[in-house]
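Visitor: Since the structure of chain Y is already known, use the hints to place chain W with the ligands on it.
Protein chains in written order, with full-length UniProt numbering: chain Y, 1 to 274; chain W, 1 to 124.
No false leads were slipped in.
FRET-style restraints, in silico, Cβ to Cβ:
1) W/ALA73 - Y/GLY62: 51 to 61 Å
2) W/LEU17 - Y/LEU144: 23 to 33 Å
3) Y/PRO131 - W/LEU53: 52 to 62 Å
4) Y/GLY51 - W/LEU53: 43 to 53 Å
5) Y/ARG67 - W/ILE77: 37 to 47 Å
6) Y/ARG156 - W/LEU53: 50 to 60 Å
7) Y/VAL134 - W/GLN106: 43 to 53 Å
8) Y/GLY136 - W/GLU87: 31 to 41 Å
9) W/SER54 - Y/GLY51: 47 to 57 Å
10) W/LYS31 - Y/ARG67: 21 to 31 Å
11) Y/VAL231 - W/GLU92: 27 to 37 Å
12) Y/GLY89 - W/LYS31: 28 to 38 Å
13) W/ILE38 - Y/GLU112: 42 to 52 Å
14) Y/PRO131 - W/ARG112: 46 to 56 Å
Simulated from the structure, these hints should not be mistaken for lab results.
Beta carbons are placed, not taken as given, at the ideal position from N, Cα and C, and that holds for glycine.
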Amino acid sequence: MPAMPDHPRSGLRVLVIVPAWNEEASVGGTVREIAGSNPDADILVIDDGSGDRTAAVAEEAGALVARLPFNLGVGGAMRAGYRFALRNGYDVAVQIDADGQHDPRYLRTLIERLDGADIVIGARFATHDDPYKVRGPRRWAMILLARVLSRLARTRLTDVTSGFRVSNRRAITLFARHYPAEYLGDTVESLVIGARAGCVITQEAVVMRPRMAGRASHSPVKAAIYLLRAVFALGLALVRDWPAQLDDAGAPPAKLIRTEPRTEPQTHTEEVER
Amino acid sequence: MSGVSILGVVGSVVILLSLFEMLRRHRLREKYALIWGIVALGALTVAAFPGLLSWATTVLGLQVPANLLFFVASLVIMMLTLQHSSELGRLEERTRTLAEDVALLQVELERRSSVEKDQGGDAA
Ligand SMILES: Nc1nc2c(ncn2[C@@H]2O[C@H](COP(=O)(O)OP(=O)(O)OP(=O)(O)O)[C@@H](O)[C@H]2O)c(=O)[nH]1
Ligand SMILES: [Mg+2]
Numbered sequence: 001m002p003a004m005p006d007h008p009r010s011g012l013r014v015l016v017i018v019p020a021w022n023e024e025a026s027v028g029g030t031v032r033e034i035a036g037s038n039p040d041a042d043i044l045v046i047d048d049g050s051g052d053r054t055a056a057v058a059e060e061a062g063a064l065v066a067r068l069p070f071n072l073g074v075g076g077a078m079r080a081g082y083r084f085a086l087r088n089g090y091d092v093a094v095q096i097d098a099d100g101q102h103d104p105r106y107l108r109t110l111i112e113r114l115d116g117a118d119i120v121i122g123a124r125f126a127t128h129d130d131p132y133k134v135r136g137p138r139r140w141a142m143i144l145l146a147r148v149l150s151r152l153a154r155t156r157l158t159d160v161t162s163g164f165r166v167s168n169r170r171a172i173t174l175f176a177r178h179y180p181a182e183y184l185g186d187t188v189e190s191l192v193i194g195a196r197a198g199c200v201i202t203q204e205a206v207v208m209r210p211r212m213a214g215r216a217s218h219s220p221v222k223a224a225i226y227l228l229r230a231v232f233a234l235g236l237a238l239v240r241d242w243p244a245q246l247d248d249a250g251a252p253p254a255k256l257i258r259t260e261p262r263t264e265p266q267t268h269t270e271e272v273e274r
Numbered sequence: 001m002s003g004v005s006i007l008g009v010v011g012s013v014v015i016l017l018s019l020f021e022m023l024r025r026h027r028l029r030e031k032y033a034l035i036w037g038i039v040a041l042g043a044l045t046v047a048a049f050p051g052l053l054s055w056a057t058t059v060l061g062l063q064v065p066a067n068l069l070f071f072v073a074s075l076v077i078m079m080l081t082l083q084h085s086s087e088l089g090r091l092e093e094r095t096r097t098l099a100e101d102v103a104l105l106q107v108e109l110e111r112r113s114s115v116e117k118d119q120g121g122d123a124a
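One chain only, chain Y, in its complex shape (with noise of 0.2 Å):
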């Protein structure tokens, strides 16, 4: 293990939770970067049911391989990843995309910033020079979201939609019980739900890269549909009361499988890899 003298928080365990689905081009690539950039951290890719190489790739680069039996989308799959965190008991679970936009290093300076936060969001737009560009309608909508987040957390939110953000062990809890699976829901219907719920909620400037490879999930016609459904999901969100009645994730985390009691908490790492 390398030594990181300058690491005042490098003793909390780690997860890195990488959703996916149809990413065999760029998922392997990512967590190897991942695995490169940070090699303290543990990585989880979910596969969503993919119908192409995805968990293959991401188990050959090295990662721990969910895979689900079909698709939930990024919702069910981050509160799989955020239940897997919980059961096996990690300080920190970071989303990031398979698709390599998310800059594995800035991993290091987002999780520092939990020093006084539950919930750190590695944000486009923060900076003036971000060459991060986005238009039109699907523009309108991020600034519309943002600016009514940043009221609801009483801090300056940038980018709501980013997939980018480090939780600690109480957003872990929240999000392991509640992570919408609905519209928007992964990003920003799970914010207002840890706002609500007494979340501390902040947000670190990163840039993010164009994708490695791959098909972007939506086209220019999709825009304004895309600022309809962001409306709508917003307001849902906000009228909505937490927790969830209906979908909940019902019974509290147990040990479904390893039940024999753990004498040393901090020897899980190797256990998982056996």
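Guide: Only chain W with the ligands this time, still in chain Y's reference frame:
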């Protein structure tokens, strides 16, 4: 406004309000709410502007406006039921996959624990 119109308007407003409340309490998913919302809004429009219905009736060459209303209503209900049937089929397929997965996992788990037991016996 005639009594029938008032009844129609009240009915659609009640549907819209219950849709909202059900969404708020997580009793209804977004995708179903959309369809029901369109149905309720359609009913509201027809109830608020009865002229619309009689106009459509003459354009289509029908005699009684009520017939058109019943025809459209039954068509809408049929489509909703059809959608539910297809969703049900999808869910059945998914529970089947889940059940298979659980069974396969259980076999895998038992095989591993018996292997572990054998190895533990050798070592002791
Ligand atoms: N688990 C799961 N992951 C998904 C699904 N759809 C997309 N993803 C993953 O979510 C991440 C973000 O998806 P993107 O399509 O890049 O969405 P985006 O970053 O908001 O939009 P882009 O600007 O097009 O990149 C990627 O890692 C995808 O593999 C899905 O249905 N299930
Ligand atoms: Mg992306």
